[in-house]
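One-letter residues, chain by chain:
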Amino acid sequence: MSPQSPRAFQGPSVDRRIMLKGLLGAAGVAALPTLAACSSSSSKSSSSSTGGAASGTVSLGSNASDAVPKKAFQAVYDAFQAKNPSIKVQVNTKDHDTFQEQINSYLQATPDDVFTWFAGYRMQFFAAKGLSNKINDVWDTIGNNFPQSVHDLSKGQDGNYYFVPIYYYPWAVFYRKSVFAAHNYTVPTDWNGFISLCEKMKADGLNPIAFADADKWPAMGTFDQLNMRINGYQFHMDLMHGKAAWTDAKVKAVFDHWTQILPYHQPGYIGRKWQDAAQSLLQKKSGMYLLGTFVAQQFTNPDDLADLDFFAFPAIDPQWGQDSIEAPVDGFMLSKNPKNRAAAAKLLEFIGSADGEGAYLKVDNSYDALVTGYDTSGYNAIQKKSAQLFASAQHVSQFMDRDANPAFTSTVMQPQLQAYLQNPGSIGSILSGIEQQKQSIYNS
Amino acid sequence: MTVGTSADAVETGRAADLPRAPGRLRRLTGRDRTVLTLMTGVPTALMVVFVWVPALASILLSFTSWDGIGVDSIKWIGLRNYQQIFTIYPSFWPAVEHNVLWLVVLAAIPTPFGLFLAYQLDKKIRFSRFYQGAFFLPVMVSSAVIGFVWELIYNPDHGLINSLFHTNNPNGTYLDWVGNPKLNIWAVLVAASWRHAGYMMILYLAGLKSVDPSLKDAAAVDGANEWQAFRHVVFPALRPINVVVAVVTVIEALRAFDIVYVFNKGEHGTELLSILITQNIIGEASRIGYGSALAVILLVVSLAAIIPYLIVTFRKERST
Amino acid sequence: MTATALASDTARPSGAHPVSGKRRARPARIVLHVFLAVSALAWLVPMLWAIYTSLRPYSETQSKGYLSLPSTLNFQNYIDAWNQSGMPHYFWNTVMIAVPAVILTLLLSSFVAFTVTQYNLKINLLLLMIFTAGNLLPQQVIITPLYRLYLLIGLPSGLSDSGKMYDTIFGLVVIHVAFQSGFCTFVLSNYMKTIPTGLREAAVVDGATVWQIYSRIILPLLKPAVAALATLLSIWIYNDFFWAIVLISDGNKMPITSALANLSGTFFTNDNLVAAGALLTAVPTLLVYFLLQRQFVSGLTLGAEKG
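Protein chains in written order, with this note's numbering: chain A, -16 to 427; chain B, -3 to 316; chain C, 142 to 448.
With the rest of the complex left out, here is chain A (with noise of 0.2 Å):
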C-alpha cells in the first residue's frame, strides 16, 4: 500500500524543513567551533569528532527526577566537567514518568544533545527511526572498557552503535536468609525443587512467593524467566521481536508452568502495588520474591538489607539451565541532531569509562557496574553476588518491555498478562487474541 499522508501535514517535505531550522538555530546562537561540530554530526559518516578539542554546553535529557539517581548522575556529570573545565553540562530533568510518556515527541521536536535512556529494542527503535545519532567514534574510545555482550547491547539492527550504558540490574528471586535459615531451606536449582519449596512454605504458613501487578510490568518479569528457562533465550527473543507465534505450543508451556505455581503466588495480586509485596517480604510474610534488584530499596533498616539475599531462577529444561539471565541495562544515547556533537561525545566517552560509572555507583549503591574488571571492592553484598550472576550468564535479556515492541507490550501484554492472572483457564483464547494483535500491530 502506498504511503498517503492527510494533507494537513503537507507532506514529507516538513521534515527536512523542521531540520533545516534546527541547523539554522543553532548556527545562530552558538560559537563558531559548534557550528563545525553541528555540520560534521550531519553528515553521513561520523568523522572523528573525539580528537578536536571540545568546548561549550551539551545539554542533556534525563529521567532521573528521584532524589538519589538524580544525586547520582550529577556526580557523573561533576567528574566530568571537573576533568573537562571547558564543557558545561546543562541538565534538563523531567519527572520518570513524563519523561516516558512524551519520549516520542521529545525526540522529534527539540531533543537534548543527550538522554537517558534503555538498552534493547526501546533503543533499536529509536535509532531505526532516525531519531537518534550513531556514535561509532566514542565506541572507538571505550570499546575496551566492555565485554562482548555489552557491545551488542549497545548496537541498533543496522550494527552501528548507538547507546552508552551505565550500570544494570539483574533480575533474580529474592528472599531473607534469616526466614531460609529458621525453616531449613535450601536455594531450589530446578522446578521440582522449587515447587517443594512453594509446598513447605506454604504448610508453613507463608506466601510462597509474594507478587503485585497492579504496576502491570511485573507479570512480564515472570514470563520472561519462565519463557527462557523453558524455551531458551532465542525462542525468548524471537517471541519479543514478533517473528515466532503466541499460538506456539511452546508459549503454552509457559502459562502451563505459570498455572502450576500461581497457587503459591500471594493472594490478590491484581490489584497489590509492588511495594507491597515486597514489604510482605521485609515482614516474612511471604517466602520468595521474583523481581530486580532494586527491591533492596524497599529495606530501609540496614539490618533487614543485610538479610536480603538472592538466587537465580531454577532451572526447568535442563537444555538451558540458568542460562540466561534478565538484567535491564540504563544509559545514553545522542539525539538526532546534537547541538554540540563534540562535547556530547566527550560526555559519553566519559559515562562509559570506570571513572564514568564509577562517580554514579558510589552515589547510589542500587546497580552494577558494566565496565570489565570494574573494582568491585566498594560494592555491598546484593552488588556483588549481581556481578557474579552477571558474569555467569550467557545470555543477557532485557525485560519484555524493553525488548519488545513498546505499543505491543503496554497495549496488548499488560492487559492480556493481567486477563491470565485473573482468569488462567482462558490461556487457549487469550493467546489466540495476543497473537491476532501482534499481527495487527508488527506487521503495519
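Rather than coming from a laboratory, the hints here were simulated on the basis of the structure.
Ideal placement from N, C-alpha and C gives every residue a C-beta, glycine not left out.
It cannot be assumed that every hint is accurate.
Pair by pair, the computed Cβ-Cβ distance ranges are [what the hints assert, rightly or not]:
id : chain 1 : residue 1 : chain 2 : residue 2 : range
1  : B       : D68       : A       : T230      : 46 to 56 Å
2  : B       : K120      : C       : V179      : 15 to 25 Å
3  : C       : W233      : B       : F161      : 42 to 52 Å
4  : C       : P361      : A       : D80       : 19 to 29 Å
Following the hints, position chains B and C against chain A.
Chains B and C only, in chain A's frame:
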C-alpha cells in the same frame, strides 16, 4: 473552515435578519461590522485552528497506520483500524460499557444529590458556606491529588477501608478494590461521584440564585408540600441550568479519564475509551491511527449525544 | 424569564399551596443540619485521612500501619516535599500559564457570546455548534495533530527559545484558551440570552457603537458569571497536566502538577511524603476559593436572570 469563511458569513448574515430579530446589522456602520467580525473571528479562528483542525486531522489519521514518527511513515489503511477495534481489541467493548455505566451513575446519583444539596443550601441556613466548601473541595483539587487521596483509602493492603474492616488478609477476607474487576469500577465511581456532586451543587446553586426568592420561600416554608413545590415551582425555573448540567454530565462521563488514570491506569475492569486512546497515542507505544480511530468513535458518540439536544434547545430559545 | 412566568407555572399543579402555614420547620431544620453535617464530614474524610497520613513519619507508619494512633505528628513531610519537589518554581510556571489563559478565555468567549446572542446572524447556530461541540472533544482526540501544528508554527525569539510554538509557555496558554473557550462561550451565551434586548436597543438608538454596547452595557452585566467562570477556569487550568506532557519538553517549564510527580519515586515511594506534596499543591486553589467564596457563590448566576 477558516477565518475567512466565518468573516464572510458575518457579512452575509446581514441581509438575512428577520423583522423581529434582536439585532439588525443594517444599522451597523462599517466600523461596527469590522469590530464585530474581529470579535467573533479571532476566537473562532483560535477554536478552529487549534481544536477543530486537529480534530479533523485525527479523523483522517484514523484511517491510517502511523507510529507518530516522521510523516512519511503514514500508511493509508482504510477502515482496518475500525474493523480491528470492533473485532479483536479486547478492551474496547468493556470500555464502552464502562463509559455508559459512568454516565448512568453520574446522572442518577451525584447529579440529583448535587441538586438536593444546592436546594437546601440555598435556603440561607447557618454554616451554609462551610457545607458548600466541604462539598466543593473535591472539585478544587487536581485529579492527581484525588487519585492519590483515594489510593490511600482503597489500597488493598494498607488502605483505610481494608484496615478498618480487617479485609486486608490475602489468605482470608481480601477486598481488592483496585484489582478486582467487580469492585474497582464501583470504587472509582464513588470517587468520581464524590467530585461530581460538588460540581453539580455549585452549578445548581448558581441556577437557584436566579429563581425568584419569594417563590423559593413559598416552597421552603410549606414543609408538607415542599417536594411538590420544588417540582412544580423551582425545578421548571431551573430549565436553563438543567441544560448546562446535562451537557456537563455527558461531557464528564464521556471524557472521564483522570481519576481512573491515576487510580489504576484503567486496566482490568476500569477500561474507558479515553484511557484506551491515551494508551495508544501517548508515549512510546504510538499507534496513532488506532488511537485516532478510538478517538473518532468517542467523538461520534459525544456528538450524537449532544447535538440533537443542542439543536432543540437553541431552536426553542430562539423562537421565544 | 420573569417572575410572572414562573408564578403562572405554579398555578397549574393542583396540590401546590405556594404560601401557606407558619414556621413549624424547626425540627426539620435540625434534621437537615444533622444530615448536612454528616454528609459534609463524609465528604471530607478522604482529605482528612490524607492530612493525617502526611503528618506522620514514614518509618512509623511502616512499623505500626497507617491505621494506628500517632506517636509523632509533625510537618517534616511538608518541609521535605517543599524542598525536594521544586514547588515554588513550578507554581510560578503555572501562574504564568493560568493567569493570561483565564483572562483571554473569558474575554474571547464573551465576544462570541455577545455576537451570537445580541445579533441575529445566520451563522450563530453554527458558531454555537463550533464552540459547544468543541467543548466536548476529549484532549486526547486533538493532541497528536496539535503537536505537529506546534512544531510548524514559528514564534519570535522573545516567546520561544527554539523559534517554535512547541515547548513554550505561550503555546500552553493558547491551547488552554482555545480548549476552554467552548465551555465558557456556551455558559456565557446561555447567560446573555436572558439580558433584555431593550437595553441594547436603547443604546443603538443613542448611536452607540458595537464596542461601546459590549464594553459599557453588556460586559458590566456579565460580571457575576465571569467571576464564577474565572474561578472554575483557574481550578481547571491550574490542575491540568495533559497538554504539558506532549507540548513541553523542558523540565523547567513544566506546570505545578509535575512537582507532585517528582515526589513519587520509581523504585521507592514514600506515601506520607507524597500526601504532604499533594496537599501542598492543592493549597493555592483552596486559598483562591476561600478568599473568593462569597463572590463566587453569589456571583454564580449561570442560569436565567430575573427580568
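Structure-based check of each hint:
{"no.": "1", "hint": "B:D68 to A:T230: 46 to 56 Å", "in the structure": "violated, 34 Å"}
{"no.": "2", "hint": "B:K120 to C:V179: 15 to 25 Å", "in the structure": "holds, 21 Å"}
{"no.": "3", "hint": "C:W233 to B:F161: 42 to 52 Å", "in the structure": "holds, 44 Å"}
{"no.": "4", "hint": "C:P361 to A:D80: 19 to 29 Å", "in the structure": "violated, 46 Å"}
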